[in-house]
Each structure stands twice: as C-alpha cells, then as structure tokens.
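Novice: Listed here are the chains, written in short residue letters.
Protein chains: 6
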Amino acid sequence: MMKISPQTQASVLVESLPYIQKFHNEIVVVKYGGSAMSNRALKEGVLRDIALMKYVGINPVIVHGGGPEITEMMQRYGKKATFIDGLRVTDEKTMELTEMVLSGKIASEIVALLGRNGVKSIGISGKDGQTILAKAKSPDLGLVGTVETIQSDLLMLLIREGYVPVISPIGVDEQGARYNINADEVAGALAAALGAKKLVLMTDVSGVLRDASDPNTRISEIKIDEVDHYIKQGIVTGGMIPKVGCCVSAIEKGVQRCHIIDGKKSHAILLEIFTDDGVGTLIQK
Amino acid sequence: MMKISPQTQASVLVESLPYIQKFHNEIVVVKYGGSAMSNRALKEGVLRDIALMKYVGINPVIVHGGGPEITEMMQRYGKKATFIDGLRVTDEKTMELTEMVLSGKIASEIVALLGRNGVKSIGISGKDGQTILAKAKSPDLGLVGTVETIQSDLLMLLIREGYVPVISPIGVDEQGARYNINADEVAGALAAALGAKKLVLMTDVSGVLRDASDPNTRISEIKIDEVDHYIKQGIVTGGMIPKVGCCVSAIEKGVQRCHIIDGKKSHAILLEIFTDDGVGTLIQK
Amino acid sequence: MMKISPQTQASVLVESLPYIQKFHNEIVVVKYGGSAMSNRALKEGVLRDIALMKYVGINPVIVHGGGPEITEMMQRYGKKATFIDGLRVTDEKTMELTEMVLSGKIASEIVALLGRNGVKSIGISGKDGQTILAKAKSPDLGLVGTVETIQSDLLMLLIREGYVPVISPIGVDEQGARYNINADEVAGALAAALGAKKLVLMTDVSGVLRDASDPNTRISEIKIDEVDHYIKQGIVTGGMIPKVGCCVSAIEKGVQRCHIIDGKKSHAILLEIFTDDGVGTLIQK
Amino acid sequence: MMKISPQTQASVLVESLPYIQKFHNEIVVVKYGGSAMSNRALKEGVLRDIALMKYVGINPVIVHGGGPEITEMMQRYGKKATFIDGLRVTDEKTMELTEMVLSGKIASEIVALLGRNGVKSIGISGKDGQTILAKAKSPDLGLVGTVETIQSDLLMLLIREGYVPVISPIGVDEQGARYNINADEVAGALAAALGAKKLVLMTDVSGVLRDASDPNTRISEIKIDEVDHYIKQGIVTGGMIPKVGCCVSAIEKGVQRCHIIDGKKSHAILLEIFTDDGVGTLIQK
Amino acid sequence: MMKISPQTQASVLVESLPYIQKFHNEIVVVKYGGSAMSNRALKEGVLRDIALMKYVGINPVIVHGGGPEITEMMQRYGKKATFIDGLRVTDEKTMELTEMVLSGKIASEIVALLGRNGVKSIGISGKDGQTILAKAKSPDLGLVGTVETIQSDLLMLLIREGYVPVISPIGVDEQGARYNINADEVAGALAAALGAKKLVLMTDVSGVLRDASDPNTRISEIKIDEVDHYIKQGIVTGGMIPKVGCCVSAIEKGVQRCHIIDGKKSHAILLEIFTDDGVGTLIQK
Amino acid sequence: MMKISPQTQASVLVESLPYIQKFHNEIVVVKYGGSAMSNRALKEGVLRDIALMKYVGINPVIVHGGGPEITEMMQRYGKKATFIDGLRVTDEKTMELTEMVLSGKIASEIVALLGRNGVKSIGISGKDGQTILAKAKSPDLGLVGTVETIQSDLLMLLIREGYVPVISPIGVDEQGARYNINADEVAGALAAALGAKKLVLMTDVSGVLRDASDPNTRISEIKIDEVDHYIKQGIVTGGMIPKVGCCVSAIEKGVQRCHIIDGKKSHAILLEIFTDDGVGTLIQK
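Residue numbers (numbering that gives the first Met the number 0), protein chains in the order written: chain U, 0 to 284; chain V, 0 to 284; chain G, 0 to 284; chain H, 0 to 284; chain S, 0 to 284; chain A, 0 to 284.
For the record, the hints were derived by calculation from the structure and aren't laboratory data.
It is possible that part of the hints are untrue.
Copies of the same chain are indistinguishable here, so a pair counts whether it falls within one copy or spans any two.
Claimed, not checked - List time: in silico DSS-like cross-link candidates among lysine-lysine, alpha-carbon distance up to 27 Å:
(1) Lys-92 x Lys-119
(2) Lys-119 x Lys-134
(3) Lys-231 x Lys-78
(4) Lys-78 x Lys-252
(5) Lys-119 x Lys-284
(6) Lys-21 x Lys-263
(7) Lys-284 x Lys-222
(8) Lys-42 x Lys-134
(9) Lys-264 x Lys-134
(10) Lys-21 x Lys-134
Construct the complete structure from the given sequences, taking the supplied hints into account.
Specialist: Take a look at the structure:
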C-alpha cells in the first residue's frame, strides 16, 4: 500500500461512490464466523471493514457463531460435545456454557473492537427484548432451537439510533426457556425480518465449489431454482446444504442477494459490496 | 395469604397510591446481589418485585454482582482467587471468565426471568455503547477498574422506550481494554448519572448494625455527615465501608435516598418503596 | 386494615401484577352515577380507586350522570320533572339547568377530587371540541338527544397527555343546539369510539338479578346472545334494559367486556379489575 | 354594507395585512363581559370576531365574567348578594351557584357559539388541570380568591392543537378548595403567564373617561407611570381602578399592550386589532 | 378607499370569514403570468394578494411564466424566437437563456417582493430536488418538455415549514437534461400532485368569451364534459385550448375548481377566493 | 487506475475511515469557483467529489462564484465591467445580469450535475427565505453588498432533510433591495453561521506562495496571528488578502480550519479531507 499516491487514493474513493449509493441506508446482515473470528489479525480486519460500512451509510447487523470456543469450554468442564447432523446436542449445562461463551465472551469482544473503531455497538442475545422467539428443534437435540418469530422492535430502535447490533444466536420461548440456535439460521431469519438488502455468510471456504478440493472451481452465482439440482449433483453437500438453505429461505422472504464468502480472504465483505467482482458464491432469484 | 379477602386486597392497593405517586416516572437503581441472587425462590421474588415497580410507573435499573459464581468458575480453570482489600485481583484470564459469568450467565438469566414476568429488558455491559468508561484502579489489582464517566445515552434511550436495563459491572477504556468494577460502585455512579431518585444496595445483612452479631441493632437512618463518626466508632466497618461510601458519593451528586437492605428478606425492595417503615438502613442528607 | 403487616401488603401488591399487566395502557370507560355519586365517602372512595387505576398505567375515562341533582334544581325553579320511558322530557330551561348541574357542578367536583388525589383531569362536555355530535331522540322528548358521532380527537389528545377526561353527557349538533343524553348511552358510545378494553356501568344494584328482591340471585355473566332470552323471561327489565343494551352495542363495536356493578360496594371497580371474582354482572361475547 | 363592491372588499382585506402580520401566531387574551355577554346580537358579533381572529392566525384566549347571572341565580335560591369593595362575598352555596353559572352555563354557551362559527373550543375552569392555583383573598370575603400561580401546560397544549380555551374565573388550591376570582384579574394573570401580546378588557364604558358622564372625554392612551396621577386626580375611580391595576400588572410581566374597550360597540375587538385608531383606552409602558 | 369607515372595514373582514374557513390549510396553485407580471403596480398588487392568502391560512404555490422576457433576451443574443403551435422551439442556447430569465430574474424578483410583504418564500426550479421530471415533447421542438412525474417531497417540506414556493417551469430528466415546459401545464400538474383545492390560471383575458372581441360575453362556468362542445363551436380556441386542457386534466386528478382569470383586474385572485361572484371562467366537474 | 487490484481498492477505502469519522455529520462549506467551474471535466470531477462527501456522511454546502460569465454577459448587453479594489461596480442592470448568471445559470447547472450523481440538491439565492441579509458596501460600488446577517433556518432545514444547498452570493435587505456579494465573503459568513467544521476556498493557485511565480513555494500552514506579518512582508497580496481575511474572520467565529486550494488539481477537496497531506494552504488558530 505504501506506493499508492494520495491522488490514486482519492480516485479509488470516488470510484466506490456508485456502490455506496446502492447500499445507502440499507441493512446488511453479516454472519461472522469461522477462522475470521479466531485469528486476531483477521478479526481486526473484519471489524474495521464493518466500521467502514457503518460510516459510509450502511447499517450492518452482525450475527456471530462460536462453535470451537464452546467445545473448548465444555472440555474444561469435562463434557464431551456430541453432534447429530452437525448440530450440537445441548443439555442444560451445555446451554449455560454456550451462552457464557457467545454473549459473555465473543459478542463482548466484538463490541469492544467496534468501539475502538469509533462505532457504537451493543451485544444482543435473542433473550434481550425477547428478540428471537424459538422452540426446540427436535427432542433428540435437547435445547437446540429453531427460530419461530423475530421481534424486531429492539433491533430497529438500536439501528435507527446508530448502534450496530452484535447478535448471539440464542433464542427464548415465552416461558423463558433458552435455546442454542444455528447462527446461519439466525442470520437468515434476521435478514428477512429486518428487510435487509443483503445477507453475507462468512465461512472458511471460498464459496460453493464444483470440486471441493479445488478452490478454483468456485461457482460465482446460483439461482435459487438451481439449488436442488446442485444438491442432487453432490456439489452442494454436507454443511453447505443448510447454509444454502438459509439463503434460499431469506431470498424467498425478500432479501435480494445472499453471499457465501471466505472470511479468511482479506476485506472479503468490502469486496462483495464495493466491487463488481464478488469473491464468493452469490445466491439470488 | 389465603385468608386475605378481595376487599382487603383492594384496600391495600389503594393505600399504596401515595407511594406509587411519589416514584412516578422516577428512576430507581437497584444493586442486586448476595443470597437474593443465588437462591432460586428469592431470585424469582426479587424480579417479580421489580416487574411490579415497572408496571406501576417506576423505571428500575438493575446492576448485578456475581462474585461467588466467578470464584467457582475460576476454580474450574484451576485459578485461585486473590483479594486485596476485598477486590479480586484480575488478570486477563480472570477478566475473561468474569465477563462470561456476568454478561453471559447472570445478566442473561435476569433478562429471561423479567421477560417471563412480562417486562421487556436487555442485558447491558459497560462495553455496550461504551456506557461505562473506566480506568485501572491500582497497578496491583490488574484489570480491576474504577468508573471514570458514565455515558448514559444508550440507557436513557432504552429506559424511554420501556426496557429495564440489566447492567453487568464491566467497564471499558477508549482503547477497548476492559475492567472488572465493583457492582456497588457502578450502581452508585449510575444512580448519579441517570438522576435516580433512589439507590438500593441489596446485601446479605439487614443494614448497618450497631452490633454486627445482633440484627436487632440495625440503625435505621444515617445522615451523610454522620458517616465518619460511625466509621471511627467501628460501627461501619469492613465491606460496609465502601458500600456506605458509594451511597455518600451518590447523594452528593443528587440522589435523594440510598438504602442498604437485606435481600434475603422477602419483598425487601417493595417494603422500602411502598411502606413508611424501611427495612434496612437509609442514608441521606 | 390495622392488622395487615407490611409483608402482607407487599404480597398483595405483587399478586395484583397480572391484572395490572392485562390493562396496561388500555382505556377503561366508567359510567359513574347513582349513590356512589351522592354519598361523600363513597365518592371519595371511587375517585381514589380511579386515581390508582391511572397511576398503575390504565387510562380511565369517566362519564357521569346526575339525575337527582337536576330534579332538585328544577324544583328550585318551580319546574316539574316529567319522564317518558325513563327519559326526562327536556325543554330549553330544563336543558339550561341540566347543563349547569352536569358541567358546572358534578364534573367540576370530580375534577377537584381527582386533583386532590394527584391526578390531572379535565371536565369535558360533549360541546367541547364538538366531541359528542347528537340529534333529537324523539319529538316528544324535546332536547333529549341520542349520540350520532363521537369525535374523539380532543379526548385522545388529553388521554395521551395524561389527563383523565370527566365527561358530562351533553351533545351538540352542527347548528350549536345542545342535547341532554343518557349517561349510559354516552359511556357505551365512548367506549366503542375510544377502543376501550372495558366498560363499567356503576349502578345502585349489584348487577342483573334473577329475583330483583334478592341480591343473592345475581347473574355473574351474560353472553350477548342470551340477552333477548333474559328480557323475554322478565329478568332483565325496566331501567336495566337500556343499560344492557348499551353494553351489547359497545361489545358489538369491539369493547371486550362490560360490567354492571354496584357503586355502593366499596372498591367495586378495583375488584372488577384486580381480582378474578367480579362483583357484578359481566356482559361479553 | 349592501353597497360595498367586491373590489372594495378585496381592498379592505389587503389593507388589513399589516395588522394580521403583526399578530401572527400571537396570543391575545380577551376578558369578555358586560353587555356584550347579555345581549344576543352583541354576543354573536363578539364570537364571530373572535372566530375571525383565530382563522387569520391569532390565538385568542377568552376569560369570561358572569356577575349578573350569578346574582339572578342566587335570588332564585333566596340568597342575597353582598359586595365588599365590588367583590361578591362568597359562601359555599354561593360558590356552588357561581360555578354552575360560569362553567355550566356561560362558558358552555360560548363554546357552542364558537363551534357554530367553525372554531374548535373548550371550556376550562381553573380547576381543570389545576390551571389556576388560588388562595383566599381576605377572611371577610369567604371563598373569593386571588391568583397564586397559573399552571399553563394544559392551556398551551390546547392552543398548540388549535383549540380556543374559554376560561371560567374559578381557582383551586392544592387541597381542592375552590375560589371565585375576579375575571379581570384572571385575564391579566393569564396574559402574563401565556406571554400574550395583548390583553383586552371588555367593559360597558368606552374606556377611561376624563368626565365619567361624557363619552367624548375618553383618554386614548395611558402610560403605566401616569396611572397613579390619574387615580389621584379622580379620573380613574371605582371599578376602573382594579381594571387598570390588572393592566399595569400584566404589562410589568411582559404583556405589550392592554386595552379597556366598550363591548357594546360593534366589532370593538377587531377595531382594536385591525386598525390604527383604537376604540378604547390603551395602557402601555 | 378613503371613505370606508373602520366599522365598515371590520364588517368586511367578518364577512370574509366563511371563505377563509373554506380554504383553511388548503393549497391553491396560482399560474402567474401575462400583464400582471410585466406591469409593476399589478405585480405588487398580485403579490400582496398572495401574501394575504398566506397569512389567513391558505398555502399558495406560485408557478410563473416569462415568455416576453425570454424573447427579449434572445434578441439580445441575436436569436430569433420560433414557435410551433404556440410552443417556443428550444435549442441549447435558448434553454440557457430561458433558465436565466425564469430562475435568475423572474422567480428571484417574486421572492424579493414576497419577502418585502413579510412572506418567507423560495425560488424553485424543477431541477431543484428533481421536483419536475420531464421528457422531450416532440423531436421538432428541441428542449421543449412535458411533465412526466412531480416529485413533491421538497415542495411539501417547504409548504409545511411555511415557505411559499415560487416555481420556474423547467424540468429535468434522470440524466440531468433540462427542458422548457409550458407554465400552465406545470401549474396543472402541480395542483394535481399537491392535492390543491384550487388552480388559478392568470391570463390577459377575462376568461372564456363567447365573442372574443367582447369581454361582456364571458362564460362564467364550464363543466368539464362541456369542453369538447365549446371547442367544436369555436368558442374555446387557440391558446385557450391548452389552458382549458390543463384545467380538465387537473380536475380529473382531484383538483376541485380551476379558474381562468384576468390578471389585469385588480385583486382578481382575492375576488375569486373571497367572494361568491367569480371574476373569470370557472371550470369544474 | 486500471492496475489497482480490488484488494488494494478495499485497503484504500479502509484507510480513509479515520477521515470519514472525523467529518461525520459535520458541515463543510466549499467556495466553488475559478477554473474548476469553467472546465467541464474539472466541474464534473468536483461535483462527484462533493457527491462522495455527502454519501459518506459529510454535509457539504456549496457557494459558487461566477465572475467571468457575468463579464461575458455584460459585454453582450454592451456594458463594460468596472472594478474598484477587485469588486465589480454594480448598477441595476449589472445586478440583474449578475443574478441571472448566478442563480439562473451557474447554480442551476450545479444542481443538475449533483442530481445526476444521485445527490438531492437545491439552488438557493440569499433572497430565498431572506437567507443573506446584506447592505451596500460603499456608495461608490452601487449594489455591491456585504453580509449583515445570515438567517440560517432554511439552510439548516434543507441540510437536515438531506439536500445539498448550492448558494448564489446574492444578498437582500429588508426592503427587498438586492446586492451582489463576493462569494468568498459569503462562504466565510455561512461557515461561521452554520457551525461548519471546515471552509474550503477553491482558487486557481495552489495556495499562498512565498514567491508568486513559483508554485513550489507554497506555505502549507498559516496561523491567524501570522497573517499580518505575511501581509506586511508582501507574501499575502492582492486578491489573496480578502480571501485570507474571510478565513481569519470565519476562524474567529468558530470554524476550525480554512483551506485555500487549487481547484484545477484533480480531487483537491478530497485530498484536503481524506489525507494527511493537504494540497493548499491551511489557515487555523
């Protein structure tokens, strides 16, 4: 970067104008997870990117994951993580540890980093203001939940007043019982409920790959009616199936574009928003 | 209670009217801690009392503590709690565990219980919206902090919109460093910054006692200019000294009345607000 | 009441919470009349009950009657009260006296008593802001009117700003002619127009009685489609017929529950709102 | 008027523009009393004038008197009116009758007439919203009161929302006791409290006269520091002394101009506002 | 005017009340043009009339023409004005001169005169806030445009804040190209888009005349379904055809009444608004 | 620019964050003039830069000049421009031509170009809303004016609603007389009145030069108390003296930084705002 002249810098800024206009005052929901969350440099990079989005007039909403840190803490408590179809079976103790990690550690750290970047933000669990009403997903999974309703008043209030909400994927039911929900699902449901223009799912792969072992086979765009076809062909598989599913569901509820991107790539979100060449897989109508 | 007739119930309600009027639209800061937080029945009682306050037009703000649970978790991580003058020496790992317990467990549980009582509430750490700006208290104490400034915008916004803020006593500085702060101190500073009418510190003793071993020696009222005298006489001692100090400081900044009450006593807060006979020690000008 | 301990008082308050929640921010229209208006102690009791309702977050709207005092004043002016089907035949002079009694005496006194109980209130005649547009009910009745339209702007403004409106049942037409309207009818029309949750008609009997001479035969609940049946059976008779009619009409326009209660019973309104055992006859869908 | 051509009408309108501009959005308090209140044609004229003021952007506030009608009603009740220094000695019964006449009859009639002229108005007694806080004037006078404080919130709310307040000169104290207050005094106190630009006192004489028996000796302007001189000279005498006193007091609290005019003169208020030649006596600094 | 007594003036004002009420808070769009714009005395008269309208609670919106001054300026630049069907063929240079005359001279002068009459006003071209979106009318006419859409936000904002908009009939397209539009057309389109109650087209004739050479043959009212008939009969001809067309179109979009009046007649607009006898031709449903 | 990778673009954006934060929600007044206004490419560049400022949260206010085009138009009308101390002697005809050029041509064109860049803007002369109250500067100069008062209501309203005001430097007095004012003076007065954070004067030189013939001798910063010294030394001379004077005056009224920059330099404003190395001369306290 050293060699970029001020003149060139100014030109780059001016060239970003059409993209800034396009997202002016729009909500963009970012599922933040994977390596971009565990690596300190990546983490600071992502949050600076989000601070920039905020300052140029976009309203980012962050939903974070936290799987590895939950597992680590469970070990500390002598508990073994069990997964069914990629979902962590959650008993009372696991739930308690999950909440502590998500709200008490991860969201909290994101809020502090955004604050350092001059952005007012606030950690929100789905319990706050009963924002995420949930129910159990399956008797076998214990306190694993699925979103029933998003009550968006609190989030809209905070967004309108200039705060970036940092959301831990925890739900609650009317009796006060809490649930551990998949962060992609929460991000998709929020994007739909908040009328977001864009949903970005940050992963550790560069998108949907024709050949999982070769990053150069990335599919840059999938129409939602092609999804079944890709699943049948075995191209969309495993953990990618629910991710793509969240995107399809969000699009059907009015979100315009969903992106599955590689959080390890520097400035991945900005590239998706401020350039014409996306970096991951775009899912749209 | 079985034998109270509906007629009598109605009379009791009407007799509470002058108290309801007195606190109408006023903010009351409650430091919630001690046994009232560890015992399930007491906990539900306190939060129902707070729900009632909210519904009769008072704006409660809760600041919670969490010492014992932090100690327990530290043990799980093989760390030994060290205290200097009653303050927990806090290294990075301790700070991380502290935050997880306070924001991720205790605040979260309070929010869920209030929700079940029909009250919209939200867990707020001092990092959210940089509400509590803090600095290190002393080099020997590590990340133990002391309040520098309360930035009350976020809290006032939430109160105005009908939410009960549940505050974890964690501070942050401009560089994003976090601090563990004494909950009494935070409650006092918030009461002053929010223009609260009353500050209630919930403890495990029935107030300031002339004879610590005899609950019947409770002093029902202390003027702030008598405090030094009581300290010299050895009546206000130990952990009670900083508590009384928080009260004095809050009163000097405009709070009218501070109460040190016994959280184990059922409906202690309501008794302090809705009857003439206080249950603890009142500190005032 | 002497023997109720503060503890018990607090318990009673907490037990009223579900009822307070149910009526939070709702409008309750109270037709205030009969003995509860002529007896000083009852009057003070009723208005203290209404003050309590206001302070716990309910929006009461009072419609008052005033028959006996009008008759008394007419006598003073040497006029004889004539009634057709329970409605006072109203000539110009009678109308003038009626207005003086209703607005200038009764409403005015209620406003003063509420003020003394710390409640901001305001006397409103249907002429103020042309709130009650009316027309003549029948050529034989002179200036006896019936409600045509409620213009609720002024009332909603005052309610929103925290005032309790005290309404004299006088209507006006576009030419400025004034009408004497039955207070039950006005209360019912207002309950419907203001979207009230509940309408309470205060009478001198304990509700609809199977045997008019035996208060123990009170019918505690009538569905609106049973009303005709009760009339045919001669159980709902005389002055009770229009009262029940106002309730039916209000319920058909969206009011949830109407109550005919005995104003002589102490705290009758509170018992209807804050306990499960109603004291009069409930009319609902 | 028949012979005024449309062209001339338009010219007259245009010539009134500077006066309309001068009073745009200003409050003008009118004490309405005397013959202009008892004669039907005059009454309709005055209220049409006030409707015009309202529609061209001025905010009129009416304070009405009612002496003769009170006396008449007292006779009906066999009570004899006694006056000390022009003030009606007021016992409980007199107070009750006074209120009925003022709020229940006179204000009510004014509101109806304004309504017929397309103006939203509302009768307000000093008890409504505890607008006029008062105390007893002298032990000898019974319930004759004097203004202590004007609580102007309710009036400002109503003015802002486009209502013309019609005020009965009745005060109240914190205990709910009511007082009969001189209407000129109330008008002066309101003009000061509401920041009125002008106070107009309507009387039955054409202003302050050098020779009380000769209307041609009207003094068109008095500076407030000349008042004592006029009193000493016996030119300002009797009932005119308190009227001039109200004006002086209002001017000292910021009202710019006070007028004592003859309400029997057709369009007297409009002439005072919309022409350069006043019709009564102007009192100013 | 000398001989009009103050009494008569007041009477005239009161008689205008019903008209003032009728237009209270309504928008009236005035196409201002012809001799009333070139003659200094007429100009001052018209703008004083409009100031009066504003002060009595009407919201006037002015659309001005400017043909003769454009022609004059073109001559200065050695350009010859060419008209096709009464529309000025407009090349780039003509457009530039047109804009300078309309926005830079005529609107600017109107704003100054209104300011002198105490009215806040603001010159608005259709380019400001892209208020008038337009397209070319015909390839032969160059930059002569026709209205596509009125974007009324800016105008409604200014009206709400008390400004009188003075609109130059210039349109713009999304690419920033500007168009010269007929002022009558703009006035009609604005009246429809702003929900005006009345549209007034100021011309140099006294309305639609049966015999163009005889002003006494004015038709005082035309229903919109009679228009075709009048055109076929050769009564509505030449430049009057598009004027009547604008009126018909405005009425079809909700404007109640359109008037074609003679701007040379003194107070013509006021006569149309404040008297029953209109001065021009009324077109309505 | 071709060779800048998307990655680098993203980095440049992120590096601009601190500058965007610094000017968030602040007003920046830009005097736009000189070659940057006459050259089409420069013009489009400047307005795109301003559009970018608007979209990243800054509130730009443009004041434009127009000297050369006024001179050109005067020639067309056979008038000779005469200058005294650099100020154009202005008679009535010159004033008329000046206004036409400034409001009708230059402002109008800027508004259209901003519209094409997605920015809502509006041309404002100092006559609109009587924004710039002015008086004659000197009898010798005719209608050359100087600012007396800025009435900022209209501008603040438009800024708050998201419009970029484009201001022609024309003033008006209470009698409606108009004045031609130096654009630098208007820009300085507006910056002070609007509480701008920064004032940028765009010229045709690269700032204050030690040696006027050598652009490399630019002085990058002048403290306001050094100004006299630079004038005495003959470094600040000629037309630069009033420019520097405007800056000094603006700074004394609270503007933090004023810049004299070369409008011919591409992206000059952005470089001044978004980089640490200014491009012109900074004047500050």
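Novice: Classify it for me, Lys-21 with Lys-263: is the Cα-Cα distance of at most 27 Å met within a copy, between copies, both or neither?
Specialist: within (26 Å within a copy, 29 Å between copies)
Novice: At 27 Å max between alpha carbons, let me know whether Lys-119 reaches Lys-134 within a copy, between copies, both or neither.
Specialist: between (31 Å within a copy, 19 Å between copies)
Novice: When no copy is named, should Lys-21 and Lys-134 be tagged within, between, both, or neither for a Cα gap of at most 27 Å?
Specialist: Close across copies (25 Å), not inside one copy (37 Å); limit 27 Å.
Novice: Given identical chains, is Lys-42 near Lys-134, meaning Cα to Cα at most 27 Å, within a copy, between copies, both, or neither?
Specialist: between (32 Å within a copy, 25 Å between copies)
Novice: At most 27 Å between CA atoms: does that hold for Lys-78 and Lys-252 within a copy, between copies, both, or neither?
Specialist: The answer is neither: 39 Å in one copy and 49 Å across copies each exceed 27 Å.
Novice: For Lys-92 and Lys-119, with the copy left unspecified, which applies at a CA distance of at most 27 Å: within, between, both, or neither?
Specialist: between (33 Å within a copy, 26 Å between copies)
Novice: Between the shortest in-copy and the shortest cross-copy C-alpha distance, which are at most 27 Å for Lys-231 and Lys-78: within, between, both, or neither?
Specialist: neither (37 Å within a copy, 52 Å between copies)
Novice: What label fits Lys-284 with Lys-222 when the C-alpha limit is 27 Å: within, between, both, or neither?
Specialist: Within one copy, since 5 Å is at most 27 Å while 51 Å is not.
Novice: Is the C-alpha distance from Lys-119 to Lys-284 at most 27 Å within one copy, between copies, in both cases, or in neither?
Specialist: neither (34 Å within a copy, 31 Å between copies)
Novice: Given a CA cutoff of 27 Å, do Lys-264 and Lys-134 count as a within-copy pair, a between-copy pair, both, or neither?
Specialist: neither (35 Å within a copy, 36 Å between copies)
Hints 3, 4, 5 and 9, counting from the list given before, are not met by this structure.
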